[in-house]
Amino acid sequence: MKQLMMIGFGAMASEVYAHLPHDLALKWIVVPEGSIDSVKQKVSADIQVISDIDQCEGTPDYVIEVAGQAAVKEHAKKVLQHGWTIGLISVGTLADSVFFTELQQTAEKNGAHLHLLAGAIAGIDGIAAAKEGGLEQVTYKGCKSPNSWRGSYAEQLIDLDQVQAPTVFYRGSAREAALKFPANANVAATIALAGVGMDQTQVELMVDPAIQQNKHTIVAQGRFGQMTVEMIGVPLASNPKTSTLAALSVIRACRNSVEAIQI
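In terms of this note's numbering, the sequence shown is residues 217 to 479.
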């Protein structure tokens with residue numbers, strides 16, 4: 217049976233833990249020092265709960281990150297230095313070009329692999345395939361309710377209390393969007409890295425007082441033709457700030473780490 221290390225143990229991690237493939241055993245959980253005791257009470261005694269990658273006793277077959285950008289900055293490089301494969305859900309962290317290059321070089325040096333998970337959006341396979349033969353233009357459009365934008369940089373760009381109709385309040389590159397909206401960066405960053413890059417991928421962010429769910433749209437064109445992918449996401453019941461599809465994409469990555477046939 218293959219063994220899994222999980223970085224983080226919040227709402228998304230709990231969902232993943234509950235739906236792991238039968239032939240993939242969770243053996244290590246990495247959380248902040250102050251969370252170790254509470255996490256130990258939620259999982260079986262044979263799971264090692266640690267605060268640092270170097271405390272791992274053994275060798276995981278796969279590592280998954282479900283903890284956010286700070287955890288990626290803290291732990292991802294160490295995972296790659298060990299030569300392990302890691303799947304990232306917090307892809308927005310890679311908008312930091314220096315950090316991205318550092319992880320890439322570390323992976324290459326140690327024979328490790330960094331998997332960027334699709335997360336809350338569909339169509340990443342098509343974007344990545346089109347990139348191989350003439351992808352020319354990609355735009356990501358994200359639309360959320362006023363409440364979903366509160367506490368973000370959007371409040372400096374638009375009065376969320378006065379919005380009466382769907383309104384675009386931001387246009388820019390995926391890199392800029394990921395840096396300005398870190399809590400909403402993963403989808404834009406994933407699309408960019410799968411396709412034409414952080415600086416060439418265009419982002420439009422919109423607020424709509426009439427919707428309750430998050431709407432993601434990819435518009436792409438190139439030698440392959442044209443593509444429009446639209447996704448209306450349902451939040452995870454245990455955490456409204458987390459996409460259900462994002463959690464499911466992590467479960468899929470775990471399944472692909474053990475399946476003989478992958479899709």
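No lab work stands behind these hints, which were simulated from the structure alone.
Keep in mind that this is a model prediction, so the values were computed, not measured.
No residue lacks a Cβ here, since even glycine has one placed at the ideal position from N, Cα and C.
Among the hints, erroneous ones may be present.
To be verified - Below, a list of computed lysine to any residue pairs in the SDA-like style, where the Cα atoms sit at most 20 Å apart:
(1) K256 x K293
(2) K243 x V255
(3) K325 x D341
(4) K258 x W244
(5) K218 x A338
Stated by the list, open to error - Label-pair ranges, simulated between beta-carbon atoms:
(6) V450 x D268: 19 to 27 Å
(7) A286 x D253: 39 to 47 Å
(8) P425 x E273: 51 to 59 Å
The hints, checked one at a time:
Proposed proximity of K256 and K293 is contradicted: the alpha carbons are some 25 Å apart, above 20 Å. For a cut-off of 20 Å, the pair hint linking K243 to V255 stands: about 13 Å separates their Cα positions. At most 20 Å may separate the alpha-carbon atoms for a hinted pair to count; K325 and D341 exceed this at roughly 27 Å. Taken as a hint, the K258 and W244 pair is honoured in the structure, with Cα atoms around 13 Å apart against an allowance of 20 Å.
At most 20 Å may separate the alpha-carbon atoms for a hinted pair to count; K218 and A338 exceed this at roughly 28 Å. Taken as a hint, the range 19 to 27 Å is violated for the pair V450 and D268, whose Cβ atoms sit roughly 35 Å apart. The beta-carbon spacing between A286 and D253, approximately 20 Å, falls outside the hinted interval of 39 to 47 Å. Checked against the hint of 51 to 59 Å, the C-beta distance between P425 and E273 comes to roughly 52 Å, which is consistent with it.
The earlier numbered hints that this structure contradicts are 1, 3, 5, 6, 7.
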